[in-house]
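Student: For reference, the chains in residue letters:
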Amino acid sequence: MLIDYLPIVFLGVFAVLFAAVNLSLTHLLGPKKPTRVKLSVYESGVQPVGDARQRFSIRFDLIAMLFIIFDIEVVFLYPWAVVFKTFAENEGSGLFILIEMLVFIGILLLGYIYAWRKGGLTWD
Amino acid sequence: MTADQILFFIFGGISLIGAIAVISFRHPIYSALSLIVTFFSQAGLFVLLGAHFVAAVQVIVYAGAIMVLFLFVIMLLNLGTLSAKGVMTGKLKGIAIVLGILFAAQGIYIAANVFKDTEVGSPEAIERAAALADNPIETYDIGVLLFRDYLLPFEVTSLILLAALIGVIVLVKRENRVEN
Amino acid sequence: MEINLLEQIVIPIIKILFIAHLLIIGVMAMIWSERRVSGWMQDRLGPNRVGPQGLLQPIADGIKFLFKEDLIPNHVDKPLYVLAPAMLLVPAMITIAVVPFGSSITIPGLENPILLQIADINIGILFILAITSLGVYGVVIGAWASNNKYSLLGGLRSSAQMISYELTLGLAIIGVLMLSSSLSLRTIAVEQGAYPWKWNFLIHFPAFLAFTTAMFAETNRLPFDLAEAEQELVAGYHTEYSSMKFAIFFMAEYMNMIVGSAVVVTLFLGGWHFFGLENVGGEGSILAGLISFAIFFIKTGIFLFVFIWVRWTLPRFRYDQLMNFGWKFLLPVTLTSIVVTGTLWVVVKENKQLWIGIGNVVAAFIVVAIVAGMLAMDNNSKSAVQSTPAAAPLRGLDAVE
Chain A
188 MLIDYLPIVF LGVFAVLFAA VNLSLTHLLG PKKPTRVKLS VYESGVQPVG
238 DARQRFSIRF DLIAMLFIIF DIEVVFLYPW AVVFKTFAEN EGSGLFILIE
288 MLVFIGILLL GYIYAWRKGG LTWD
Chain B
144 MTADQILFFI FGGISLIGAI AVISFRHPIY SALSLIVTFF SQAGLFVLLG
194 AHFVAAVQVI VYAGAIMVLF LFVIMLLNLG TLSAKGVMTG KLKGIAIVLG
244 ILFAAQGIYI AANVFKDTEV GSPEAIERAA ALADNPIETY DIGVLLFRDY
294 LLPFEVTSLI LLAALIGVIV LVKRENRVEN
Chain C
1158 MEINLLEQIV IPIIKILFIA HLLIIGVMAM IWSERRVSGW MQDRLGPNRV
1208 GPQGLLQPIA DGIKFLFKED LIPNHVDKPL YVLAPAMLLV PAMITIAVVP
1258 FGSSITIPGL ENPILLQIAD INIGILFILA ITSLGVYGVV IGAWASNNKY
1308 SLLGGLRSSA QMISYELTLG LAIIGVLMLS SSLSLRTIAV EQGAYPWKWN
1358 FLIHFPAFLA FTTAMFAETN RLPFDLAEAE QELVAGYHTE YSSMKFAIFF
1408 MAEYMNMIVG SAVVVTLFLG GWHFFGLENV GGEGSILAGL ISFAIFFIKT
1458 GIFLFVFIWV RWTLPRFRYD QLMNFGWKFL LPVTLTSIVV TGTLWVVVKE
1508 NKQLWIGIGN VVAAFIVVAI VAGMLAMDNN SKSAVQSTPA AAPLRGLDAV
1558 E
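Protein sequence lines, in the order shown, are assigned to chains A, B and C.
Letter by letter, the first sequence follows residues 188 to 311 in the working numbering.
Letter by letter, the second sequence follows residues 144 to 323 in the working numbering.
Letter by letter, the third sequence follows residues 1158 to 1558 in the working numbering.
It is worth saying that the hints were derived from the structure and are not from the lab.
Treat the hints with care, as some may be off.
[Said to hold, decoys possible] Keeping only pairs whose Cα atoms sit at most 27 Å apart, straight-line, the calculated BS3-like set for lysine-lysine is: (1) Lys305/A to Lys1485/C; (2) Lys1355/C to Lys219/A; (3) Lys1485/C to Lys316/B; (4) Lys1355/C to Lys272/A; (5) Lys1235/C to Lys225/A; (6) Lys219/A to Lys1506/C; (7) Lys225/A to Lys1506/C; (8) Lys1485/C to Lys219/A; (9) Lys1506/C to Lys272/A; (10) Lys305/A to Lys316/B.
None of the values given here were measured: they were computed from a predicted structure.
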């Protein structure tokens, strides 16, 4: 029911207000004595060299892409988990729904093993 | 107006504003964040239609997974702020306009055909939407549909995911070989 | 749609104010106990000057944070820099909404019993996973907006780690969902019943361990605090933050810990149940409601103690070890757990829970043995290849990784 979600909205409003009040209070109350050194990049007291926003390793990208694929797999597992017990109670259909998911997981397991053998899961 | 309708206009409005913000921000990081806002308000629209599971999946997959990849790609390529001009030049602009018109025509065609029998905003349509919100589609029903009636599409999905997985590995690992 | 003002507006608001404040006080209590317990474990005192036993220390800290200079460095992306702490705090706070913190109280005159839970929605656990997955943006955006090398590296490490372990988080609960046939956290807690030997942590022991481990990683706690490894990255993604903005990052982290513990208690440790104690005074009475809340509170507290305990027990992982552990150990173990649970439920006719419990542990051992064997083989072949180390040129951020 829609009304069940109303308290979540209230809590969300509370959380946003809490963050906003804290952030603005510290802005109002704190002293303002900026100096050039204070406003510069913190690099453990050393003069910063170059820009921080460099290109970084493609491995982070690989992780994100693998994550999407497996995340979608997990999403399919939720409705399966919910219907599983009901199917299992009827004779025959229990095996049916089990094999269904075993095939699904099996196919993705092939991909998982492939990724492993090719070193996609190895962080070197 | 009922509460449902007010919420519909709020979420619809937010998702439109988010979508416009995606293309009007000069910096890709801001665009990506606007897109997250759009996805989130679309999840709100799904909740209004009683599709709670789909709403959760929308946030988990789109806002939680795909947009992380987008942000990573933007940071990986270190795209700076786009300059005011130079992106849309001559030929590109022409292509964009043609594609835009085609896409709009397609949208209008689909909308006209799908909603042929129901008048948009008619009392019946509003009633039907309200009924959906009051009787949400249970995750259980989705499971039964997916694993009994649409079994083949479900299994084929795993093949698509497998192909994607192999594609990712092949692309990234080839990059590595070239580097070395 | 008719709205009952008292039951649907007033009572939820009371519950929200109670729980939200409890959460904030809980954060303070955690900061205090983290320091005191750490002190105790290292045979020193810890803060004990402000108030009795140093109990007012977190409040003093809070006031200090509030009066510190709100510095916004020159090189940051201002709007995102200010927004990032809130982007981490708000999801951390909202997730508590669907966690049931006690049974229910029946008050005569009201139509429905008052559930000790802010919102009992039927996709509860998915809501938690969805909102948790948004927490990663606070980290990435905070790191990127800071435009600092430490921040960026810490943020990247942290976000890659968070998304990797999110998979384990999602997979580990499937077994639980299979046996409860519901996504509602209240139903899952009720299904487990009053007695510890029927709770999910015994039936799904490997999944329980995997879930707990993944939660440590999600909250960036030791042994997974690579993102803010002080010796390498100063403070990680919040290096450039000061005053209350830094404190909000800190609070969000502790809130995630508290909510995470509450979720583990609900999913695996029987929620508010404990040997029927939660029904003293009759089901639905105010006494029973309060006792059930107390049980839940104590269980969560004990679990939070484990967080601090682990911190001073295990050393930090190396980043490649962390990623390997998530992708090569936890993922297969949780997947196997699903397959074993499903197969045994269909095949075994009697004492299903018992056999699933045993089967899960045995299968987990087998998987871990296989994976360990494969890793050993990989290492052997690799060290053979790398006997002549090539002087690979280090470029940019690759060098630091």
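Student: Indicate, hint by hint, whether the structure satisfies it.
Tutor: Hints versus structure:
1. Lys305/A to Lys1485/C: Holds, because 13 Å separates the two Cα atoms, which is no more than 27 Å.
2. Lys1355/C to Lys219/A: The hint is violated at about 59 Å.
3. Lys1485/C to Lys316/B: Since the Cα atoms of Lys1485/C and Lys316/B sit roughly 18 Å apart, the hinted pair holds (cutoff 27 Å).
4. Lys1355/C to Lys272/A: With Cα atoms ~17 Å apart, Lys1355/C and Lys272/A stay inside 27 Å; holds.
5. Lys1235/C to Lys225/A: holds, 16 Å
6. Lys219/A to Lys1506/C: violated, 72 Å
7. Lys225/A to Lys1506/C: Outside the cut-off at roughly 70 Å; violated.
8. Lys1485/C to Lys219/A: violated, 50 Å
9. Lys1506/C to Lys272/A: holds, 13 Å
10. Lys305/A to Lys316/B: Between Lys305/A and Lys316/B the Cα gap is close to 8 Å, so the pair holds against 27 Å.
Of the numbered hints stated above, those contradicted by the structure are hints 2, 6, 7, 8, listed in ascending order.
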